[in-house]
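Read off the chains here:
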Amino acid sequence: QKSTEENTTEETTLSGQIQIDGSSTVYPITEAIAEEFRAVAPEVKVTVGVSGTGGGFKKFVRNEIDINDASRSIKDSEAEQCKENGINYIELSVAYDGLAVLVNPQNDWVADITIEELKKIWEPAAQGAIMKWNQIRPEWPAEEIHLFGPGVASGTYDYFTEAIVGESGASRGDYTASEDDNVLVQGISSDKFALGFFGLAYYEENKDKLKLVGVNNGSGSVLPTMETVANGSYAPLSRPIFIYVSNKSAKREEVKTFVNFYLENVTSISEEVGYIPLPEAEINKQKEKFNSFTAGSNSTK
Amino acid sequence: MTTAINIKEESKISTDEVENLSKTVKIEARNIDVFYSEFKALKDINMNIYENSVTAFIGPSGCGKSTFLRCLNRMNDYIDGFKMKGEILIDGKKIYWKSVVVEELRKQVGMVFQKPNPFPKSIFDNVAYGLKIQGVKDKKFIEERVELSLKQVALWDEVKDNLKKGALALSGGQQQRLCIARTLAVEPSVILMDEPTSALDPISTAKIEELMFELKKQYTIVIVTHNMQQAARISDMTAFFYMGELIEYDSTKTIFTKPKQEKTQNYITGRFG
Amino acid sequence: MTTAINIKEESKISTDEVENLSKTVKIEARNIDVFYSEFKALKDINMNIYENSVTAFIGPSGCGKSTFLRCLNRMNDYIDGFKMKGEILIDGKKIYWKSVVVEELRKQVGMVFQKPNPFPKSIFDNVAYGLKIQGVKDKKFIEERVELSLKQVALWDEVKDNLKKGALALSGGQQQRLCIARTLAVEPSVILMDEPTSALDPISTAKIEELMFELKKQYTIVIVTHNMQQAARISDMTAFFYMGELIEYDSTKTIFTKPKQEKTQNYITGRFG
Amino acid sequence: MTNATKNRLIDKAFLIFGILATLFGIVILCIFIGNIFADGISRLSFDFLDNLPSRKPEKAGILTAWTGTLWILGLTTLVAFPLGVGAGIYLEEYAKKGWLSNILEINIANLAGVPSIIYGLLGLEIFVRIMGLGGSLLAGSFTLSLLILPIIIVSTREAIKAVPKSIKEAAFALGATKWQTIWSQILPASMGGILTGVILSISRAIGETAPLIVVGALAYVPFVAKSPMDEFTVLPIQIFNWVSRPQHGFIVNAAAAILILLSITFVMNGIAVYLRNRWQKKVKW
Amino acid sequence: MNKTREYIIERLLFLCAAITVFTTISIILVLLVEAVGFFKEVSIVDFLTDKEWTPLFADKHFGILPLVCGTLLTTFIAISVALPIGLTIAIYLSEYAPKSFRNIFKPLLEVLAAVPTVVYGFFALLVVSPFLQKFFPEMSGFNSLSAGIVMGIMIIPFISSLSEDALYAVPKSLREAAYGMGSTRFQTAFKVTVPAASSGIVVSIILALSRAIGETMIVAIAAGQQPRLTLDPTVPIETITAYIVQVSMGDVPHGSLEYKTIFAAGITLFLFTFILNNISFYIKKKYQEKYD
Ligand SMILES: Nc1ncnc2c1ncn2[C@@H]1O[C@H](COP(=O)(O)OP(=O)(O)OP(=O)(O)O)[C@@H](O)[C@H]1O
Ligand SMILES: Nc1ncnc2c1ncn2[C@@H]1O[C@H](COP(=O)(O)OP(=O)(O)OP(=O)(O)O)[C@@H](O)[C@H]1O
Ligand SMILES: [Mg+2]
Ligand SMILES: [Mg+2]
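For the record, the sequence lines run as chains Z, X, Y, L and G.
Quick note, the first sequence lines up with residues 1 to 301 if you use my numbering.
Quick note, the second sequence lines up with residues 1 to 273 if you use my numbering.
Quick note, the third sequence lines up with residues 1 to 273 if you use my numbering.
Quick note, the fourth sequence lines up with residues 1 to 285 if you use my numbering.
Quick note, the fifth sequence lines up with residues 1 to 292 if you use my numbering.
It should be emphasised that the hints constitute simulated quantities derived from the structure, not laboratory data.
From the three backbone atoms N, C-alpha and C, an ideal C-beta is built for every residue, glycine too.
Hints are not guaranteed to be accurate.
If we take Cβ atoms under 7 Å as the criterion, some of the chain G residues that face chain X in the derived model are [said to hold, decoys possible]:
hint : residue
1    : Pro98
2    : Arg102
3    : Gln133
4    : Pro137
5    : Met139
6    : Thr184
7    : Ala196
Here are a few chain L residues that sit away from chain X, every Cβ distance over 10 Å (derived from the structure) [what the hints assert, rightly or not]:
hint : residue
8    : Ala4
9    : Asn7
10   : Arg8
11   : Glu58
12   : Leu195
13   : Ile264
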């Protein structure tokens with residue numbers, strides 16, 4: 001609070017426009033930061049879109065936006081296009097997004113699940129083969145298993161397949177997908193034999209409708225919490241999320257201030273909107289990275 | 001008030017001047033007022049229509065001829081804002097009585113319209129329509145009746161080889177006779193005709209006028225026409241309407257030779273209309 | 001071929017029977033054929049229309065009266081599929097000539113329609129419309145002309161205090177006179193009227209017939225009517241059309257007393273139509 | 001039972017069936033609105049209309065969304081109205097029957113059925129990229145204008161067709177040129193019908209989500225647009241965004257925003273119905 | 001002077017009309033440019049015959065059939081709901097209802113088509129699906145049945161309003177002829193007016209169909225997003241439109257083959273509606289000629 005007030009008096013002179021677009025996963029954090037930033041620099045117009053990470057990068061490589069919210073790292077093809085268009089950029093991680101594995105509250109047989117079991121369920125070979133709960137663990141009921149997950153175009157899906165199956169985009173196809181996680185919440189909460197995964201934030205808001213499943217990566221069942229994600233014990237189902245800033249934009253005073261403000265406040269904000277903050281040290285590293293980036297791009301002018 | 005005069009005059013109707021006119025009253029209209037919402041289209045009409053005769057309604061456009069005609073088989077029932085006061089009796093029965101099944105009434109009181117309006121179906125289906133909707137299933141019977149009706153309107157010879165042809169392919173005059181045949185097929189006792197020849201050529205017109213002479217032996221015919229010579233030629237009784245009032249109703253001869261009202265006189269001599 | 005006969009007969013026209021009929025030919029139609037796409041609506045019409053006279057077109061529905069009338073001010077120009085062969089001359093000038101500005105022609109040859117069709121504007125604006133679209137700005141001049149035109153149709157006294165009132169609030173007869181006034185305001189020399197009284201009551205009809213007597217002193221009037229008594233009353237010359245052909249064209253007196261064609265005879269005695 | 005009474009029974013039965021079917025539609029509509037009303041009414045307040053977007057549901061408002069919707073509404077009207085009416089007039093009054101008018105007609109019929117998301121892809125390429133308008137109000141309203149153009153054209157033609165021919169002929173007979181006739185008589189007489197069509201099509205446009213998302217309408221816009229080149233958001237996008245948030249508070253917000261959107265739609269439909277009825281009365285010449 | 005002004009005005013108005021042609025051309029170009037890129041990498045035979053659509057999975061298949069199948073399935077369900085109800089309403093409003101009733105309820109029903117489709121989507125998912133699950137416990141929470149039913153409700157006004165217009169346009173004389181023969185209103189409607197207005201009704205149905213095919217939000221939310229070659233209405237499916245939204249809002253890198261799939265899907269969608277619209281245009285033309 002205090003620092004915000006100090007900033008206000010310091011920087012009222014700033015003006016201009018900052019255009020941000022990209023992933024809907026990162027959107028809540030960026031939106032919250034932008035909202036706070038209004039108090040610091042009311043003259044700077046910050047807009048945030050949700051075209052998806054890919055859609056955001058499409059604009060980013062054309063220099064149509066200043067910052068892209070990304071729930072995954074930039075792809076080679078996208079990086080190449082940046083190069084072609086003479087755009088230098090920096091990737092800053094801002095928080096973790098934990099993936100929660102969930103079942104229906106009426107499900108009284110699952111308490112935890114191992115990575116191998118998840119892989120067995122989700123790998124491409126499982127399609128049409130693993131159809132019943134008892135195929136996973138014999139003591140589980142001989143009922144059909146109904147799978148729910150984010151749409152295949154989402155970064156969350158990419159990450160999950162990468163972490164569990166070992167290859168991004170490799171999974172069975174016969175599960176119910178939706179881009180809208182609320183829809184998944186609805187699906188799992190109305191189906192006793194459901195199993196699904198999505199962002200932790202949606203679980204936090206719907207605790208009464210869902211049952212969280214512990215993930216066992218060899219060292220015992222771990223539930224995703226602030227600590228377990230931040231200290232890495234909830235591996236591998238937590239991923240960092242990023243913002244990308246282009247060098248041209250970073251030269252602009254209002255963008256520089258905004259990004260610094262972002263890194264300064266993201267710890268408290270991400271907790272508030274349901275994400276898991278980076279450890280202190282990691283944040284500091286991002287700050288340094290950004291400082292040297294701006295310094296670097298200024299000198300190459 | 002002219003209406004007051006009319007009622008008195010009605011009793012004096014000189015029907016005896018008409019040869020062969022049956023004295024049996026087929027349709028009786030008593031104090032008919034008709035409103036379309038606020039607009040009063042008919043004002044206190046009283047009239048007896050005689051059996052086995054042709055009665056013609058004449059009068060300038062918009063005077064209420066069609067409105068009155070359509071009251072006789074309750075064709076106005078579904079018109080928004082239509083209201084009628086008074087009573088109409090056919091064969092002594094009130095046709096606006098609650099228990100009257102209006103569909104039955106319309107079978108009994110057939111109607112032919114100004115523009116030939118055959119259904120976009122085959123000739124056969126047009127004539128058979130009335131029977132089919134009554135639920136008649138007997139094919140033989142339907143075929144016989146279709147033939148009979150088409151013969152009655154002298155259309156049989158012209159179409160008997162083409163009964164499956166679309167009715168819309170017929171000429172205007174043939175269409176109109178088809179429409180009459182269609183009406184006859186359900187065996188009505190009254191036939192209402194609203195300017196049935198005004199869209200037709202002289203030859204078709206002559207045919208239909210001839211037909212009316214034939215038909216009136218079995219049926220009671222009421223016809224609206226704007227062609228005064230036609231009224232004079234074919235009708236036994238003529239009623240002159242003007243601005244929703246029945247100005248004069250008398251034997252055709254009287255109306256066209258010594259009308260009692262000046263308005264009638266003006267109209268039939270073509271001072272207006 | 002009847003058309004061949006017509007052409008010959010035209011030369012024999014008994015115009016001398018008509019008192020006071022100017023012999024100046026105002027409109028001359030030569031070999032007019034009209035097609036609506038495939039349908040031939042007029043067949044080889046030849047006709048001279050005389051100045052300062054009233055010429056009536058009669059004939060059954062659909063015979064082509066309106067079609068021919070509308071050829072005289074090229075009102076058919078915009079109709080899809082309309083094609084005309086032959087020539088029409090007004091004051092000796094070919095009106096279908098390429099260089100003719102059709103808007104100018106229409107100012108010279110005004111038109112009044114069957115149904116009164118005032119614009120949904122004030123009375124004043126209706127009459128002033130023709131001048132305004134010509135670009136006349138002079139307010140005083142317009143006012144004078146409006147007054148004059150309304151006086152010509154004897155409407156001035158009835159509406160002079162209400163010139164700003166909507167024209168649709170007038171009665172049918174007043175509306176029709178307004179439409180005539182509107183036509184007069186642009187100073188035509190010919191006025192075409194398509195059944196101008198058929199939707200009117202007797203009093204309005206009488207007024208308009210009176211008006212025509214007045215107007216023919218200055219204008220050449222062509223009128224379509226289905227009321228034969230009207231044709232007989234008001235016209236100097238009468239043309240009888242039937243199925244797209246001009247069957248007979250002669251002085252009104254001749255047509256109504258000793259027509260040369262049997263069809264004309266049949267028609268005016270009401271055998272059909 | 002005679003056939004006539006049987007037929008009568010069938011007739012009556014269908015009458016009831018018809019009323020039920022009509023009511024079914026209405027009832028579903030009421031359930032919808034009732035549901036949303038129950039969810040959203042508590043959230044409706046002046047603050048809700050006046051607040052900028054926020055991560056806290058109770059603080060979030062729809063100021064930028066509804067002003068954006070109004071902007072879009074205004075700009076789209078400005079673009080689509082003259083174009084659509086112009087095209088309608090051309091087709092109804094000028095175009096000669098032939099291959100050209102046939103192509104135009106087929107084409108318009110086709111456009112009317114193109115899914116709105118495809119218009120989004122079109123707007124993205126043409127307006128955002130090639131014309132360089134970016135994700136501005138202008139690009140959005142151009143896209144929506146194209147989307148509703150066919151509807152406006154069709155309703156303009158219907159309205160013009162309904163003008164009695166006699167009025168047109170009267171003007172021609174007085175020596176008016178085609179355009180004079182159209183401008184001074186036909187347009188005034190058909191304006192009621194034209195406006196009805198325009199309003200109905202625009203009320204469809206303001207409910208559109210998909211094409212605007214593709215064109216680049218934003219989710220977080222903390223300022224009210226001041227010029228057509230500004231970036232924007234609209235109500236349906238705000239609703240879509242809120243509906244996919246985890247916090248229940250946002251679902252309530254979405255319901256409240258739907259209420260606002262529905263009332264705009266209702267008001268516009270109401271105006272259209274009013275115009276239509278008034279104009280139908282007036283049209284008895 | 002008048003003449004040149006008239007000429008200029010006519011040209012201007014023509015331009016307004018011509019814009020619609022440019023729009024169509026642009027749509028086709030925009031779709032084609034990317035779709036051509038797609039078909040360079042994927043053979044059109046695979047596209048049309050492969051029974052799987054998994055462009056975003058590791059094991060990529062590019063068979064459009066499952067999407068087409070999903071689209072047709074939801075459309076079929078929607079039309080099965082909308083057709084009987086919409087037609088009944090149309091007949092009721094044109095043949096039975098008093099004018100005043102019709103004037104109120106016709107526009108009121110049209111509001112059904114104006115409700116944002118996002119709202120319908122959630123209605124399908126949160127109200128209709130759970131309700132249906134009471135009768136079919138086996139049914140998945142996402143399914144084409146509830147999406148189709150709700151979509152059917154949305155397109156009711158297309159059929160009811162447009163068919164009502166067509167019925168209303170049937171010459172009064174035909175109706176009167178039927179009444180004059182003693183037909184009940186029911187008989188008049190089904191034996192005379194409906195057959196006479198059949199082409200107009202068919203046009204309205206086709207319009208509703210093409211609207212259903214193009215509908216996006218309802219199916220994206222409530223039908224699941226699982227391309228599947230099935231006619232089973234109780235399981236999740238995916239439609240073409242839902243796929244386009246999914247990818248264009250997702251995280252797929254642009255310029256990639258995955259990204260280009262939306263244009264291939266888009267052009268398929270465009271073709272579908274294009275064919276339907278042409279059929280309806282053709283019918284409409286024929287029908288206009290019949291009545292002039
Ligand atoms: N459905 C209706 N609603 C309101 N007014 C009507 C309706 N039908 C007729 N009228 C009015 O009632 C009056 C009488 O009409 P009607 O059709 O009976 O006249 P008509 O004598 O048959 O005329 P025409 O010779 O032109 O057929 C007219 O003024 C007409 O405008
Ligand atoms: N625009 C048109 N397109 C096609 N055919 C037409 C058109 N206008 C008139 N006709 C046809 O041309 C013929 C002559 O029509 P016209 O209107 O000249 O007859 P009319 O003598 O004026 O009849 P009425 O007394 O009924 O006014 C008719 O058969 C009519 O059907
Ligand atoms: Mg009548
Ligand atoms: Mg005529």
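Practice prompt. Taking the numbered hints from earlier one at a time, note which ones the structure violates and give those numbers from smallest to largest.
Written response: Per hint list: 2, 3, 4, 5, 8, 9 and 10 violated.
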